[in-house]
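**Q** Once you've looked at the hints, dock chain B against the given chain A.
Residue numbers (the numbering used here), protein chains in the order written: chain A, 1 to 467; chain B, 1 to 467.
Please note: incorrect hints may appear among the correct ones.
What the hints assert, rightly or not - Each pair of labels, with its calculated beta carbon distance range: (1) B/ALA203 x A/GLY185: 39 to 45 Å; (2) A/ASP350 x B/HIS47: 38 to 44 Å; (3) A/PRO209 x B/ASP340: 27 to 33 Å; (4) B/GLN141 x A/PRO311: 42 to 48 Å; (5) B/GLU416 x A/ASP301: 38 to 44 Å; (6) B/GLY120 x A/HIS215: 44 to 50 Å; (7) A/PRO209 x B/LYS278: 40 to 46 Å.
Unchecked claim - A partial selection of chain A residues facing chain B, derived with a Cβ cut-off under 7 Å: (8) TRP57; (9) ALA135; (10) ALA232; (11) PHE312; (12) PRO457.
Unchecked claim - To spell it out: a stretch of chain B is covered by chain A in this simulated footprint if at least three of its residues, at any positions, have a beta carbon under 8 Å from a beta carbon of chain A; those stretches are: (13) 132-139; (14) 146-160; (15) 171-181; (16) 184-190; (17) 212-221; (18) 245-257; (19) 421-432.
These aren't lab readings, by the way, just hints derived from the structure by calculation. It should be emphasised that the depicted structure is a prediction, and the values quoted were computed from it without experimental measurement. Glycine included, C-beta positions come from ideal geometry on N, C-alpha and C.
There are 2 protein chains.
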Amino acid sequence: MRGSSSHVLSLLEEAENKERKHIMVHVMDSPGENHLPRVYIQDASGHEGKEVEVQGWLANKRSSGKVAFLLIRDGTGLMQATAFDGDYFNRDKLKSFKAVPLESSVIARGKVKREERAPGGYELELRDFRLLHAAEEYPIQKKEHSVDFLMERRHLWLRSSSQHAVLRVRNRVMMTIHAFLQERGFTLIDSPILTPAACEGTASLFEVPYFDLGHAYLSQSGQLYMEAAAMAFGKVYCLAPTFRAEKSKTRRHLTEFWMLEPEVAFADWVDNMELQEKLVSHVVQEVLEKSREELETLGRDTRLLEKVSPPFPRITYEEALEILKKKEFPISWGDDLGGDEETAVSEDFDRPLFIHHYPASVKAFYMQPDTEKPELVLNDDLIAPEGYGEIIGGSQRIHDLALLEQRLEEHRLPREAFEWYLDLRRYGSVPHSGFGLGIERFTAWVCGIQHIREAIPFPRQIYRMYP
Amino acid sequence: MRGSSSHVLSLLEEAENKERKHIMVHVMDSPGENHLPRVYIQDASGHEGKEVEVQGWLANKRSSGKVAFLLIRDGTGLMQATAFDGDYFNRDKLKSFKAVPLESSVIARGKVKREERAPGGYELELRDFRLLHAAEEYPIQKKEHSVDFLMERRHLWLRSSSQHAVLRVRNRVMMTIHAFLQERGFTLIDSPILTPAACEGTASLFEVPYFDLGHAYLSQSGQLYMEAAAMAFGKVYCLAPTFRAEKSKTRRHLTEFWMLEPEVAFADWVDNMELQEKLVSHVVQEVLEKSREELETLGRDTRLLEKVSPPFPRITYEEALEILKKKEFPISWGDDLGGDEETAVSEDFDRPLFIHHYPASVKAFYMQPDTEKPELVLNDDLIAPEGYGEIIGGSQRIHDLALLEQRLEEHRLPREAFEWYLDLRRYGSVPHSGFGLGIERFTAWVCGIQHIREAIPFPRQIYRMYP
Chain A
1 MRGSSSHVLS LLEEAENKER KHIMVHVMDS PGENHLPRVY IQDASGHEGK
51 EVEVQGWLAN KRSSGKVAFL LIRDGTGLMQ ATAFDGDYFN RDKLKSFKAV
101 PLESSVIARG KVKREERAPG GYELELRDFR LLHAAEEYPI QKKEHSVDFL
151 MERRHLWLRS SSQHAVLRVR NRVMMTIHAF LQERGFTLID SPILTPAACE
201 GTASLFEVPY FDLGHAYLSQ SGQLYMEAAA MAFGKVYCLA PTFRAEKSKT
251 RRHLTEFWML EPEVAFADWV DNMELQEKLV SHVVQEVLEK SREELETLGR
301 DTRLLEKVSP PFPRITYEEA LEILKKKEFP ISWGDDLGGD EETAVSEDFD
351 RPLFIHHYPA SVKAFYMQPD TEKPELVLND DLIAPEGYGE IIGGSQRIHD
401 LALLEQRLEE HRLPREAFEW YLDLRRYGSV PHSGFGLGIE RFTAWVCGIQ
451 HIREAIPFPR QIYRMYP
Chain B
1 MRGSSSHVLS LLEEAENKER KHIMVHVMDS PGENHLPRVY IQDASGHEGK
51 EVEVQGWLAN KRSSGKVAFL LIRDGTGLMQ ATAFDGDYFN RDKLKSFKAV
101 PLESSVIARG KVKREERAPG GYELELRDFR LLHAAEEYPI QKKEHSVDFL
151 MERRHLWLRS SSQHAVLRVR NRVMMTIHAF LQERGFTLID SPILTPAACE
201 GTASLFEVPY FDLGHAYLSQ SGQLYMEAAA MAFGKVYCLA PTFRAEKSKT
251 RRHLTEFWML EPEVAFADWV DNMELQEKLV SHVVQEVLEK SREELETLGR
301 DTRLLEKVSP PFPRITYEEA LEILKKKEFP ISWGDDLGGD EETAVSEDFD
351 RPLFIHHYPA SVKAFYMQPD TEKPELVLND DLIAPEGYGE IIGGSQRIHD
401 LALLEQRLEE HRLPREAFEW YLDLRRYGSV PHSGFGLGIE RFTAWVCGIQ
451 HIREAIPFPR QIYRMYP
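Next comes chain A alone, as it looks inside the complex (with noise of 0.2 Å):
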């Protein structure tokens, strides 16, 4: 809003007038013209010494009598503007600040000053101060509130410092993941989420009627449509929205949440390996530099994140059955590991664990059997410690027509909808290997959250699709 302040004022000025000048509190000196700059609080550093406007709403207040306290927060941060009794304010001034309601939009004019204890390390000495609008009652306070109390309000929700750090995270995440896939020659290729059959059984797919061509899912995943494009384009990923219908109430399910797959053409499992390790701890070293104070907001303990790099342990499903049976879990050859066979696995490893060569029976269709044990896939779970379970699942995926025809016919799938997918393996198949990543469930690993659900700004689950 650059240079053009005045222009949004007179617009406010104009409805509030009008409408709801009883709930309007002007705690303002020298209305007049404005030339000041707008300064975001991230930025408020480079202005030490000058006069600036910040323009956001009201975060919190105290006061005494000779000195008000407004902390204000913009989106971009948190800054403490100071009024005292004197060339700006007077005392009675100072009392009508304890009117203004907390989420109230304001704008503040003063002068940057470095104040060590004040947040961010600078605040604002106050000129003006104009309330802009006066909020109802905010219904979060500083008490606890039920988790549902919150969700029902998440569009509130998420202004509170701890939902605001965490999705600045995400933000992170994201941004990193594009970048390190993007430098190493990884082409965006979006998935559609339109698709007419399903990748892994169709139990747990939404179906959506679709003009006269009868029903289309919602994508489980782009996987399919990635081999395809990995066979154009050589590295490939989507990241995008996927779907799962299932009726799962834990703490790590959402029926809508973000996937990230990338697809190599000429890799195979132990490349595909290699390039997860790779990634996972280069976003995890990015947040730990440059996320550092969302992390310190969400009292992270940075300890095990800070250990993980390349390369991360490796043992078979086999082996993780051995630990799993000392630790006297009722398991058995080819069943397959739930969360809590996960955790406890992962218990006695400081870094994320891969998982790999699989039972073919509990995995899905497309994974390349083991030459030598063909009953074994080349797959691999990247679980992630500290209880977060599966972060990454991935695997070298069938190069062979006839095999990939048996398989399909094996899962009762209908071959006239994976024609295309079939034809990948009729001109020039090559071995080719990904992987999917679960945005939500990394970022509540790193931000160290209990639930997945605070790692996405609207969360969609079995009982909730509001607001």
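**A** Just chain B now, with coordinates in the frame of chain A:
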């Protein structure tokens, strides 16, 4: 696949030996061990004079008796591999190249040599050549195919140089948008796809049964959620798939497309247009500079693109009507502008054109009316030149609770689904603005292609959701 080629090869050999020996053509002199660096074609120039391995697909071939030229693509570029009758190949071997079908996957080894006449400026002096998988007869030939034929084979068509180029430009557009906004302090906040209510009317919504909660609708816009997020983060955007169940078959429509939606708190409609013209200009200039090869492949005339720099011309809706009347369009005040009208108006300008201040009656419920002429709204449409139509729609949003309530009623929208949206006007309301930019329309314009269906990897139209 650095360092693990032999692993991959052994897998393939094994599969091939078992099942498809009959279609294999081995054209290799010294199988033995391979310790050559695997190089992507785009990086070949850095290996001049060195022996390398290239893994890819056979894109074209020609040979005389003494020399064979094999054009190899690996997704990052095209490279000519040349085999001579001499130390490494004899005439019989050269002849056998004729049997290698196009789009077969191959591994080529040889020395990188500067060669002005070759695509990319470098060629590979072949020493070894291995056929990994012999393709069946490739359905896409050099001849003209119908778009339907090609779209039915979209998974293969992606390999052609024109489609490859368009989607590489799309990748550049997306990445440049992210970088532009992130550098300016925007936070990526993903809006939900499954939503409880429609933003712009229910006629064109995809409906999805949602557990015990009735129906969800596929998002037509993340804007309302971006407004909530802007009050928490100041400057936000989403870049995500968007759905319109419109029965439109024009070259400008898809049922699933990607949309960028930035939203800024404390920004008015003028700030909004400034952000749009800066973003659009920056992205176009970046594509011109960094995707030059792709634009050349597409035969794009870039003269008009070079002129794209701020400020863009701005006319009001009423001025647009004047232009249309001069051009004898049968249009009167209060009519919306369709694609034909947009094109006719924009023909008078050689750069993207803002048309602002539309009648409120043809625009969405949330747009802020002009103070002095409340029958008009503070919106803008940005029309691309050369007939590419609207690429952006933006507006300042209503900040006043009472007015927004009134608009919901006038538009007969279900108030209970919008309570959270109304909350944004209860707790520190501020002037705010944003816009939506259609990624595929933008990409189609920059690439100079006629139909936006080629600007998305796997298009969804009312009569197509395969592959």
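**Q** The structure should be examined with respect to each hint, and the outcome stated for every one.
**A** Here's how the hints hold up against the structure:
For B/ALA203 and A/GLY185, the Cβ-Cβ distance of about 43 Å falls inside the hinted range of 39 to 45 Å, so the restraint holds. The hint said 38 to 44 Å for the Cβ distance between A/ASP350 and B/HIS47, and at roughly 40 Å that hint holds. A C-beta distance of roughly 31 Å is found between A/PRO209 and B/ASP340, which places it inside the suggested range of 27 to 33 Å. Separation of B/GLN141 from A/PRO311 is about 46 Å and conforms to the stated range, judged on CB atoms against 42 to 48 Å.
Checked against the hint of 38 to 44 Å, the pair B/GLU416 and A/ASP301 passes, with Cβ atoms roughly 42 Å apart. Checking the proposed 44 to 50 Å range against B/GLY120 and A/HIS215 shows it holds: the Cβ atoms sit about 45 Å from each other. Separation of A/PRO209 from B/LYS278 is about 41 Å and conforms to the stated range, judged on CB atoms against 40 to 46 Å. At its closest, the beta carbon of A/TRP57 sits 5 Å from a beta carbon of chain B; the interface hint therefore holds under the 7 Å criterion.
Because the smallest distance between the Cβ of A/ALA135 and any Cβ of chain B comes to about 4 Å, under 7 Å, the interface hint for this residue holds. Satisfaction of the interface hint for A/ALA232 is found here, the shortest Cβ-Cβ separation to chain B being roughly 4 Å, below the 7 Å cut-off. The criterion of a C-beta within 7 Å of any C-beta in chain B is not met by A/PHE312, whose closest approach is roughly 17 Å, and the hint is violated. Interface hint status for A/PRO457: upheld, as the beta-carbon distance to the closest one in chain B is roughly 5 Å, under 7 Å.
Only residues whose C-beta sits within less than 8 Å of a C-beta in chain A count toward coverage, and the segment 132-139 of chain B has 5 of them, enough to reach three; the restraint holds. With a threshold of 8 Å between beta carbons, the proposed coverage of the segment 146-160 of chain B by chain A holds, since 6 of its residues qualify and at least three are required. Counting residues of the segment 171-181 of chain B whose CB lies closer than 8 Å to any CB of chain A gives 4, which reaches the minimum of 3, so the coverage claim holds. Evaluation of the coverage hint for the segment 184-190 of chain B: fulfilled, as 5 residues show C-beta separations to chain A shorter than 8 Å, against a requirement of three.
Residues of the segment 212-221 of chain B lying with their CB closer than 8 Å to a CB of chain A number 4, which satisfies the three-residue condition for coverage. For the segment 245-257 of chain B, the proposed coverage by chain A is satisfied: 4 residues have a C-beta within less than 8 Å of a C-beta in that chain, meeting the threshold of three. With 9 residues having a Cβ less than 8 Å from any Cβ of chain A, the segment 421-432 of chain B passes the three-residue criterion, so the hint holds.
Of the hints listed earlier, the one the structure fails to meet is number 11.
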